[in-house]
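**Q** Below, each chain spelled out in residue letters.
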Amino acid sequence: MATDQEEKKELWRWLESRWTNSDIDWKKGKIITAGIDIGSVSTQCVVMVDGELYCYGNLRSGSSSGDSASRGANFALDGTGMTVKDWHYCIGTGYGRVNVPMAKRAITEIACHGRGANWMYGPQVRTILDMGGQDCKVIRIDERGKLTNFAMNDKCAAGAGRGMEVFADFIGISINEVGDRSFDIDEEPKPVSSTCVIFAKSEAGGLLREGWAVNKVLAAYCSAMAHRVWELMMRVGLEPEVGITGGIAKNRGVVERIEKELGMKFSPKVWHNSEYQKHNIPFDTQIAGAVGAALFAKAAVEKGKG
Amino acid sequence: MLANWGYQDGSGSYFITIDTDKCNGCRKCVDPCPQGVLEVGEDPADPLREEPVAFVSESKRKKLRFSCSPCKKYLTAEGGSAASRTSPEILAREMRNLPCVAACDRGAITHSW
Amino acid sequence: MISAGIDIGGKDVKVLLLKNGQILAREKASGGFDQTAVVNELLAMAVKNAGIKKEDIEKTGVTGSGKKYAPPHDEEITEIGAAVKGATFLIPSAKTVIDSGAEDSRGVKCEGGVVKDFATNDKCAAGAGAFTEAMARALEVSLEDFGKIALQSTKTQPINAQCAVFAESEVVSLINSKVAKEDIAKAVNDALAERVVAMVKRIGVEKDVVVIGGLARNPGYIQGIKEGLKTDIVVPDYPEFVAALGAALAAREKR
Numbered sequence: 001m002a003t004d005q006e007e008k009k010e011l012w013r014w015l016e017s018r019w020t021n022s023d024i025d026w027k028k029g030k031i032i033t034a035g036i037d038i039g040s041v042s043t044q045c046v047v048m049v050d051g052e053l054y055c056y057g058n059l060r061s062g063s064s065s066g067d068s069a070s071r072g073a074n075f076a077l078d079g080t081g082m083t084v085k086d087w088h089y090c091i092g093t094g095y096g097r098v099n100v101p102m103a104k105r106a107i108t109e110i111a112c113h114g115r116g117a118n119w120m121y122g123p124q125v126r127t128i129l130d131m132g133g134q135d136c137k138v139i140r141i142d143e144r145g146k147l148t149n150f151a152m153n154d155k156c157a158a159g160a161g162r163g164m165e166v167f168a169d170f171i172g173i174s175i176n177e178v179g180d181r182s183f184d185i186d187e188e189p190k191p192v193s194s195t196c197v198i199f200a201k202s203e204a205g206g207l208l209r210e211g212w213a214v215n216k217v218l219a220a221y222c223s224a225m226a227h228r229v230w231e232l233m234m235r236v237g238l239e240p241e242v243g244i245t246g247g248i249a250k251n252r253g254v255v256e257r258i259e260k261e262l263g264m265k266f267s268p269k270v271w272h273n274s275e276y277q278k279h280n281i282p283f284d285t286q287i288a289g290a291v292g293a294a295l296f297a298k299a300a301v302e303k304g305k306g
Numbered sequence: 001m002l003a004n005w006g007y008q009d010g011s012g013s014y015f016i017t018i019d020t021d022k023c024n025g026c027r028k029c030v031d032p033c034p035q036g037v038l039e040v041g042e043d044p045a046d047p048l049r050e051e052p053v054a055f056v057s058e059s060k061r062k063k064l065r066f067s068c069s070p071c072k073k074y075l076t077a078e079g080g081s082a083a084s085r086t087s088p089e090i091l092a093r094e095m096r097n098l099p100c101v102a103a104c105d106r107g108a109i110t111h112s113w
Numbered sequence: 001m002i003s004a005g006i007d008i009g010g011k012d013v014k015v016l017l018l019k020n021g022q023i024l025a026r027e028k029a030s031g032g033f034d035q036t037a038v039v040n041e042l043l044a045m046a047v048k049n050a051g052i053k054k055e056d057i058e059k060t061g062v063t064g065s066g067k068k069y070a071p072p073h074d075e076e077i078t079e080i081g082a083a084v085k086g087a088t089f090l091i092p093s094a095k096t097v098i099d100s101g102a103e104d105s106r107g108v109k110c111e112g113g114v115v116k117d118f119a120t121n122d123k124c125a126a127g128a129g130a131f132t133e134a135m136a137r138a139l140e141v142s143l144e145d146f147g148k149i150a151l152q153s154t155k156t157q158p159i160n161a162q163c164a165v166f167a168e169s170e171v172v173s174l175i176n177s178k179v180a181k182e183d184i185a186k187a188v189n190d191a192l193a194e195r196v197v198a199m200v201k202r203i204g205v206e207k208d209v210v211v212i213g214g215l216a217r218n219p220g221y222i223q224g225i226k227e228g229l230k231t232d233i234v235v236p237d238y239p240e241f242v243a244a245l246g247a248a249l250a251a252r253e254k255r
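Chains as they are written, first to last, in this note's numbering: chain A, 1 to 306; chain B, 1 to 113; chain C, 1 to 255.
Simulated from the structure, these hints should not be mistaken for lab results. Heads up, a few of these hints could be off.
What follows is a set of in silico ranges between Cβ atoms, one per label pair, in the way DEER data are often shown [what the hints assert, rightly or not]:
(1) A/Glu261 with B/Arg106: 30 to 38 angstroms
(2) C/Val179 with A/Asp50: 23 to 31 angstroms
(3) C/Arg217 with A/Ser193: 26 to 34 angstroms
(4) A/Phe183 with C/Lys53: 53 to 61 angstroms
(5) C/Met45 with B/Pro99: 52 to 60 angstroms
(6) A/Glu261 with C/Lys68: 40 to 48 angstroms
(7) C/Gly32 with B/Arg27: 35 to 43 angstroms
(8) C/Leu151 with B/Ala92: 44 to 52 angstroms
(9) C/Phe33 with A/Lys190: 52 to 60 angstroms
(10) A/Phe183 with C/Asp232: 51 to 59 angstroms
(11) C/Leu151 with B/Arg27: 40 to 48 angstroms
Cβ coordinates follow ideal geometry from the N, Cα and C atoms, glycine included.
Excised from the complex, chain A in its bound form (with noise of 0.2 angstroms):
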């Protein structure tokens, strides 16, 4: 497998990427199922032939639910000759589940995320913190992938990467960049006490004022964001191994302040399939709950349900 045609676009401060295994000829593939997961921010298509991984895409959410889903399916599709038409069985899940207008089927991100995380890490991780756009799950899982526990936060932008959105906007630093200034610093300051993005913002306004560097007060908000996410994970119980999936496990600012405060660290990101980690292909923590989906597509398939 050769991790060729792996392009990368940086547009409003985010990645987009996608990825294809030209190893595979897929007009061989018996089964060829895909995954869609429309989030509020960005959107993945993940495509898969007998289970194996065949391509990707990631890119940003557009204003339109159907319009993001075509539009994931194409950059995942680009450069391999297979258009929507070839898959056997897709099913949309996300925020925008119900308007991809290629899925048979709707899944809940919950349950594709908790598939998804399984397959791509193994069945060591039992519980999962994923983290979007705009909401917040901790979810545990058996050794199969079936749930067995999960709290989701969608209603506070504060516990979200758009609460990181606005706050990296207000200090003027782009949002890859805040993970390592926050930890160029002499020392750890403590948590901003505003819950509430909008007010941390005016805490933030008067810690400037007061003198405090940048990379401090990105500290002060990161260790915060940070405590708000262990205070969910301690509601839904830990279970190692701890996996990450999701924009969040791109920020080193958020993500080791919360190991710190579980004081265990995150599965290390490395595919269970060892043939996929040999072969260097990109562990894209934002494709989970397209993985998962693309799964349960596989399995409705095999049931007949094609």
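On the provided structure of chain A, position chains B and C as indicated by the hints.
**A** This is chains B and C only, laid out in the frame that chain A set:
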């Protein structure tokens, strides 16, 4: 499976937990709720479950603090997290008296506040 | 005796001068970066407009979330106490006081000026004026107009988001879908009023219901409160100064 429906924000954490292993979809919890918070139907979190299950209605999940507060007269004056101002004994006892919790004879429903 | 009441709120500072039950002056300004300086400026203006000297103020009372920024004073009173004192002074039959400001809201059950129970919405911008402020910005209308245009709405348009940040994105997409500004404004005011009404219902609603605080100046919000409570309400003149009045009354009572 323990399904925790609700949210947390600056003012606190508000979750109703349904133990779907205990729930048999009997519907006894639906009518006693004066706010229509609970629904019974296809499991929104488990695509493979065949029998119906109780869950918090999607339109109510992010407003639980407000929809449930009329039943929670035992909560002492709010300001920050309401539950922290009520003694744990009163909290535990009164939670059992909530109409939804009392209606379920399998003890599948609990409130976090 | 002349007493002064200072209310340092989440957004604005309010100062009021009271002499033997008569209000001599009211001044208000944005707290900005230095609330203490703003308080002193407002006191100077109030004293000038009242035609008195600073030394004539015998007692000063302070309230508000920013009370720690107040200059030296004689009495401190909680926002709940100030709301009840001020509202009861103006409307002696007050039994429910609803105080909504920029950063928090509170509902207080009282009788004869004595607090009997209370509930608050704080720490979340969706429960207070910060919510309408963010939406007014998204709609590109002033805060004053925002309340007024809501009254012209003809269609119900629900807002699903329960967070000021998420609601702002939702409002932007509603604007892009060509939903009328009046309908959006009404939806925003109704959503906020719904949260405040739910909070007040927990302590029980008994007439007379008095609504005070900066948000009471928003007619769209007031209409939402009336519709939600299904009862008549009283909004005193200068509703945003009622807490400062309560602080001035508390200072006057202090021996």
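**Q** Which of the listed hints are not met by the structure?
**A** 2, 6, 7 and 9
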